[in-house]
Every structure is written in structure tokens, then in C-alpha cells.
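> So the chains spell out like this:
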Amino acid sequence: MPVRIRVQEADFDVGAEIMALSSPSSPMADGAEVGAEVGAVATFVGLVRADKVSSAAATLKQVDGMTLEHYPGMTEKSLASIVAQAQQRWPLLGVRVIHRVGHLRPGERIVFVGVAASHRGDAFSACEFIMDYLKTQAPFWKKEAFAGAQASAWVDARESDEQVMQRWERGT
Amino acid sequence: MKLTVLFFASLREALGCASEVLEVPAHVTTVGALRDWLAARGQAWSVLATQKNVRAALDHDMVALATPLHEGAEVAFFPPVTGG
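Chains as they are written, first to last, in the numbering used here: chain A, 5 to 176; chain B, 11 to 94.
Worth flagging that the hints you see were computed from the coordinates, not collected in a lab. Take these hints with a grain of salt, some might be off.
No more than 30 Å apart at the CA atoms, straight line, and that leaves these computed lysine-lysine pairs for DSS-like [as the list claims (entries may be wrong)]:
hint: 1; chain 1: A; residue 1: LYS65; chain 2: B; residue 2: LYS12
hint: 2; chain 1: B; residue 1: LYS62; chain 2: A; residue 2: LYS147
hint: 3; chain 1: B; residue 1: LYS62; chain 2: B; residue 2: LYS12
hint: 4; chain 1: A; residue 1: LYS81; chain 2: B; residue 2: LYS62
hint: 5; chain 1: A; residue 1: LYS147; chain 2: A; residue 2: LYS65
hint: 6; chain 1: B; residue 1: LYS62; chain 2: A; residue 2: LYS65
If we strip away everything but chain A, and leave its shape as in the complex, we get (with noise of 0.2 Å):
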């Protein structure tokens, strides 16, 4: 099953990853190529939030932008690793994965994943899982720079994220 994830600062076109995972192919031990019957394809797109409301002081503050740090080497394994649990769970036919580092805009593409499959229940339940897995288990941390004279600040992670991950481990 062909797999690409990504860890990069530049963006991505969701047109062509959706077109990647639409006609995957796999060669056959004779040579020849086989197109497997993707019947659906499933994506999650993450951006950049412009606004957010600060529960600390109650106050809109605008987001001027924002940094992503990661860990490289762990990056790449553990997304390969959520992946694989994915695979193992449904029956897939190609999954994508991208997650961008670095600094970002408001309203920027952050995080792309694509799943295909024969049936759409499978392909969306993996792409679900795959990011509900990814924001309590990558080594990713966002840093955001807020307009103004107000420091920047690392962002929480959240309990509700790590709540909806265990519901996939409870299987509810």
C-alpha cells in the first residue's frame, strides 16, 4: 500500500494529493503495474487559526502567525507509526501525510491527511484516526505570535484531544 508522509516547510497542492491517492498503483512481482480499487477517498486539511480567545484574560487576541518546532527523526517515525496502526485497523488503499514546520501565516494549510479505500466508511474513519492520533502523539509544538506588543506564546495541548484519542484505544 504506497504511503508518503512529509514533514516540510513548504506547502502542498490538496488537488494533486488528492489525484495521487485517487490511482494508486502496485507492481505486480511480474513487472506489470496493477491499479487498485480505490472507490473513495477521504482528507483532513489543518490551517492556521487568525483569531483566537485568550480564557485567561477573556480578550480576542488576533494571531499575527505562528512557528512549528519538531523533532526530527522522531517526526518522521511516529507519523509512520500512526499510520500503521491505521492500516492495520482498516483495510486502506494509500495514505498521505503532510505536516508543515516553520513559520506560518493566519490562514495557511499546517497539516494535510488523505486516506484511500475501497469504501468510504473505512476511508473516513482512518483519516479521522490518523489526525486524532497525531495531535497527542507527534512531536510537533506550536509557538503563536500574537499583532501588537503581546509576547508570543506556546499553545497548550488540550485534554479534549487526548480524550478522543482514547476513545479509538476504548473502542467507543
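We have chain A already, so just place chain B on it with the hints.
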């Protein structure tokens, strides 16, 4: 044993250290013991003891603090991840 230890995100900023190559004494045998040994340096390093939810990785895998160390291991300490 000789180890490489890395720090990320807010933890790196609090410690003022991104990475260090260490020689640890014989009694430091687990990831948790390493964390305590580093925290005992005091001053900024005590954040390793006081900070809640410090996560750890050993050779690029997320691990529990009880995980045993080995010669030449790469250990990383960091806050909960916030990717995606």
C-alpha cells in the same frame, strides 16, 4: 553511561538548553531517574521536577518514565505535543 539528551519547545526555553551529551552515574538507570538527576542540578533545571506532564522519548519512541536507559541512548524531554 553516555547519553544524548534533547529538550524541546517551552521546556527548552525554560532550561536554556537544546541538547547535551552526558555521562550519567551508575544509579541513573531509567528515563525517570535521568529526569530527577537533571532536576537536581537546581535553578532552571528544577522545572523538570515541577513541570506537570513532561513527556519523554527514547531513541525516537515516546516512552514511560520507568523505561530503562542504555549506553548511547538519545533521550528527549518535552511538553505535551500540539501538532496538527
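> Each hint needs a verdict: does it hold in this structure or not?
Against the structure, the hints come out as follows:
no., hint, in the structure
1, A:LYS65 - B:LYS12, "45 Å, violated"
2, B:LYS62 - A:LYS147, "19 Å, holds"
3, B:LYS62 - B:LYS12, "27 Å, holds"
4, A:LYS81 - B:LYS62, "25 Å, holds"
5, A:LYS147 - A:LYS65, "14 Å, holds"
6, B:LYS62 - A:LYS65, "26 Å, holds"
This entry does not satisfy hint 1, going by the numbered hints stated previously; all others are met.
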